[in-house]
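> So the sequence lines, in the order shown, correspond to chains H and Y.
Reading the first sequence from the start, the letters are residues 226 to 660 in my numbering.
Reading the second sequence from the start, the letters are residues 19 to 274 in my numbering.
The set of hints was computed from the structure by calculation and includes no laboratory data.
Check before you lean on any hint, since a few could be wrong.
In silico negatives: residues of chain H with every beta carbon more than 12 angstroms from chain Y [as the list claims (entries may be wrong)]:
{"#": "1", "residue": "304"}
{"#": "2", "residue": "305"}
{"#": "3", "residue": "327"}
{"#": "4", "residue": "330"}
{"#": "5", "residue": "364"}
{"#": "6", "residue": "532"}
{"#": "7", "residue": "575"}
{"#": "8", "residue": "578"}
{"#": "9", "residue": "597"}
{"#": "10", "residue": "609"}
{"#": "11", "residue": "615"}
{"#": "12", "residue": "620"}
{"#": "13", "residue": "632"}
{"#": "14", "residue": "637"}
Below, computed lysine-lysine pairings styled on DSS-like, alpha-carbon distance capped at 27 angstroms [to be verified]:
{"#": "15", "chain 1": "Y", "residue 1": "257", "chain 2": "Y", "residue 2": "244"}
{"#": "16", "chain 1": "Y", "residue 1": "183", "chain 2": "Y", "residue 2": "128"}
{"#": "17", "chain 1": "H", "residue 1": "564", "chain 2": "H", "residue 2": "596"}
{"#": "18", "chain 1": "Y", "residue 1": "154", "chain 2": "Y", "residue 2": "169"}
{"#": "19", "chain 1": "Y", "residue 1": "263", "chain 2": "Y", "residue 2": "248"}
{"#": "20", "chain 1": "H", "residue 1": "644", "chain 2": "Y", "residue 2": "169"}
{"#": "21", "chain 1": "Y", "residue 1": "183", "chain 2": "Y", "residue 2": "83"}
{"#": "22", "chain 1": "H", "residue 1": "646", "chain 2": "Y", "residue 2": "136"}
{"#": "23", "chain 1": "Y", "residue 1": "154", "chain 2": "H", "residue 2": "639"}
{"#": "24", "chain 1": "H", "residue 1": "307", "chain 2": "H", "residue 2": "646"}
{"#": "25", "chain 1": "Y", "residue 1": "136", "chain 2": "H", "residue 2": "644"}
{"#": "26", "chain 1": "Y", "residue 1": "118", "chain 2": "H", "residue 2": "646"}
{"#": "27", "chain 1": "Y", "residue 1": "118", "chain 2": "H", "residue 2": "639"}
{"#": "28", "chain 1": "H", "residue 1": "596", "chain 2": "H", "residue 2": "639"}
{"#": "29", "chain 1": "Y", "residue 1": "140", "chain 2": "Y", "residue 2": "183"}
{"#": "30", "chain 1": "Y", "residue 1": "154", "chain 2": "H", "residue 2": "646"}
{"#": "31", "chain 1": "H", "residue 1": "517", "chain 2": "H", "residue 2": "646"}
{"#": "32", "chain 1": "Y", "residue 1": "83", "chain 2": "Y", "residue 2": "140"}
{"#": "33", "chain 1": "H", "residue 1": "391", "chain 2": "H", "residue 2": "646"}
{"#": "34", "chain 1": "H", "residue 1": "639", "chain 2": "H", "residue 2": "307"}
{"#": "35", "chain 1": "Y", "residue 1": "136", "chain 2": "Y", "residue 2": "118"}
We put the CB at the ideal spot given by N, CA and C, even for glycine.
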Amino acid sequence: MITQVSTSLYHQLLAVFEEGLTSKGHLEQVVTLRKEAFARFKESGFPTTKMEDWKYTNLLPIVSQQYLLHDNIPGKSVDLKKAFIPGLDAYQLVLVNGHYRADLSDSITEDGVFISPIEDIVDNASFLKHFAQYADKTDNPLVALNTALFGGGLFIHIGKHVTLEKSIQLIHVTSTSEALFNQTRNLVVLERNAEAELIESFITNDDGTGLNNIVSEIVLEENARLQHYYLQIANEQSRYLNHTEIQQARHSLYNNYNCSFPGAQFIRNNINVRQNDSAVESHLYGITLTAKDQFVDNHTIMDHRMPNCESYEWYKNITQNTSTAVFNGKIFVREDAQKTNAFQQNNNMLIGEKSVVYTKPQLEIFADDVKCSHGCTMGQFDDDALFYLRARGVGEISARVLLIHAFAFDVTEKFSNIKVKAYVDRLIEQGLVID
Amino acid sequence: MLSIKNLQASVDDKQILKGLNLEVKAGEVHAIMGPNGSGKSTLASVLAGREAFEVTCREATLDGKDLLELSPEDRAREGLFLAFQYPVEIPGVSNINFLKTAVNEIRAYKGLAPMEAKEFLKRVKEKQKLVEFDAKLANRSLNEGFSGGEKKRNEIFQLAMLEPKLAILDETDSGLDIDALRIVANGVNHLRSENNAFILITHYQRLLEYIVPDYVHVLYNGRIVKSGTKELALELEEKGYDWLKESVDTEESAAL
Numbered sequence: 226m227i228t229q230v231s232t233s234l235y236h237q238l239l240a241v242f243e244e245g246l247t248s249k250g251h252l253e254q255v256v257t258l259r260k261e262a263f264a265r266f267k268e269s270g271f272p273t274t275k276m277e278d279w280k281y282t283n284l285l286p287i288v289s290q291q292y293l294l295h296d297n298i299p300g301k302s303v304d305l306k307k308a309f310i311p312g313l314d315a316y317q318l319v320l321v322n323g324h325y326r327a328d329l330s331d332s333i334t335e336d337g338v339f340i341s342p343i344e345d346i347v348d349n350a351s352f353l354k355h356f357a358q359y360a361d362k363t364d365n366p367l368v369a370l371n372t373a374l375f376g377g378g379l380f381i382h383i384g385k386h387v388t389l390e391k392s393i394q395l396i397h398v399t400s401t402s403e404a405l406f407n408q409t410r411n412l413v414v415l416e417r418n419a420e421a422e423l424i425e426s427f428i429t430n431d432d433g434t435g436l437n438n439i440v441s442e443i444v445l446e447e448n449a450r451l452q453h454y455y456l457q458i459a460n461e462q463s464r465y466l467n468h469t470e471i472q473q474a475r476h477s478l479y480n481n482y483n484c485s486f487p488g489a490q491f492i493r494n495n496i497n498v499r500q501n502d503s504a505v506e507s508h509l510y511g512i513t514l515t516a517k518d519q520f521v522d523n524h525t526i527m528d529h530r531m532p533n534c535e536s537y538e539w540y541k542n543i544t545q546n547t548s549t550a551v552f553n554g555k556i557f558v559r560e561d562a563q564k565t566n567a568f569q570q571n572n573n574m575l576i577g578e579k580s581v582v583y584t585k586p587q588l589e590i591f592a593d594d595v596k597c598s599h600g601c602t603m604g605q606f607d608d609d610a611l612f613y614l615r616a617r618g619v620g621e622i623s624a625r626v627l628l629i630h631a632f633a634f635d636v637t638e639k640f641s642n643i644k645v646k647a648y649v650d651r652l653i654e655q656g657l658v659i660d
Numbered sequence: 019m020l021s022i023k024n025l026q027a028s029v030d031d032k033q034i035l036k037g038l039n040l041e042v043k044a045g046e047v048h049a050i051m052g053p054n055g056s057g058k059s060t061l062a063s064v065l066a067g068r069e070a071f072e073v074t075c076r077e078a079t080l081d082g083k084d085l086l087e088l089s090p091e092d093r094a095r096e097g098l099f100l101a102f103q104y105p106v107e108i109p110g111v112s113n114i115n116f117l118k119t120a121v122n123e124i125r126a127y128k129g130l131a132p133m134e135a136k137e138f139l140k141r142v143k144e145k146q147k148l149v150e151f152d153a154k155l156a157n158r159s160l161n162e163g164f165s166g167g168e169k170k171r172n173e174i175f176q177l178a179m180l181e182p183k184l185a186i187l188d189e190t191d192s193g194l195d196i197d198a199l200r201i202v203a204n205g206v207n208h209l210r211s212e213n214n215a216f217i218l219i220t221h222y223q224r225l226l227e228y229i230v231p232d233y234v235h236v237l238y239n240g241r242i243v244k245s246g247t248k249e250l251a252l253e254l255e256e257k258g259y260d261w262l263k264e265s266v267d268t269e270e271s272a273a274l
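Please put together the full structure from these sequences, using the hints given.
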């Protein structure tokens, strides 16, 4: 039964769906999926803190207000400067309030690459095979809501044996002067032996409140390789609910680099990696730097389902002022997943005296021949190290920057793209609050 | 060069330095000895600017500049160097990058342009050789996983790189074997000049066989209670501190 009948967004959404505003999906199969998803959302409502996965993450204040449910002004001018990554040569794809903007995006003419706004797809075998087949299997009500009512997004399909010559930078722009609820849906499929790098930047224009519910499903077929970056640099008015569901086939490699910086008031990332076959490798790296009263919650699931797979996860949180960071890393090693190698580490540096970190490493092992480790540390700024550096003539600000970089180093050194690494190092520097 | 008058410092309301006077001129090497808890390391920390101490009554100037008014980094930029008793390990900060930052921030303070990369590397090589510091260590994270001796040698390497006016070596000899001690001492002897000065804080006379001081002071109960030349160190080695302690304690109780 729903528990928050009073939330205004919930009622708004109910009305919208029942008015049939979204039935423009031409594909019957898709329409059916969306109806079913809506029924699930209607039943569950928004997640509440009574659910274990949302214990520290209270959505109530966020969903208790009215939002515009649609804002797709064609040709709306936006400023992409903030997403600029010095020295990066990438195909730029732009979503404004979740809607693809061809006029702001590069066209990719490489063979075997197909990119289309998700709402325009009429008949595509790969799309129909994968759409809403994975994320909707989880119990996240926000996925159901997204499936039912997403407004835009992208379908990115990289054909077999294609190695993209350049990275794809997908820029999510929230641009609004009024409170706006965007729902974006992406599906990324890499066929056999395909290789790509996807860099997602989240930015804001204008100063209206933007609530974004973004669901991405990623399918890596045999021996496909994806480097996947999240660069969260939106402003204080924005709120993000991201759910990413990754499906990996044999010999595939998935690397996620999840970076959040001071700005966005509320961020919840769910990153679920499903290793569906043997000899799969996955890496999840995270660096979160928070400030003011920001709230950033990273929930990951590393699901080892088959033998001889490897996963490596390392998340670092640095909390300043009165901000809050949450890390919940769940590793499943299923009965069949013998010879699994799973490593997880979470390190936290609480700089703000009133900042908060909730961390929960979880390991559930059902196989008996595996190697797993997890660990977690909590610490503060090392004043002895700071004094040591200052006593050598290094100014206090430079010394703090050196030490924060040093703390982040285990994660940033893993970045496959050195341009992005340099960019992230700079964002860390800029994000430091020096009093 | 360094002039300290009536320096008093306390930590957590416990007074540790109780009116310390010291004059150090360019070209001189001073040794400060004294029993445990006499305030030797406190003196080093107070001069370098560690915040844990409350400095109450004071005057400490380096070439006329009031040290106690300056931040730790500005003291270093004015030419003060503290070789730490316990050098800090900082994983993730490379030795070389850190030194480059330090050298260039000191240069910027003096209005000089950053050092050319080539010039910097040349200097690194030269100084590494001088203090027999392994190039592999220089490229590692700052002191991470270094042995005690390697850490102390790194301090001397940094000293060589930064070329301070006044260097304070806080028990640099502790925990060193004879070979490491010789290397550290050689480094310091090479760096001694008419324009700089050293203060050696030590428990043992041993270091002073390698680095011969111009003056030896005994610190006890927060004050310098006896000063002399290198012969004083030998006397202390032979007789210990008790005879000094006794005479000072008698004097103090008499004064009361």
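> Okay, which hints does this one fail, numbers in order?
Of the numbered hints, 10, 11, 12, 13, 14, 20 and 32 do not hold.
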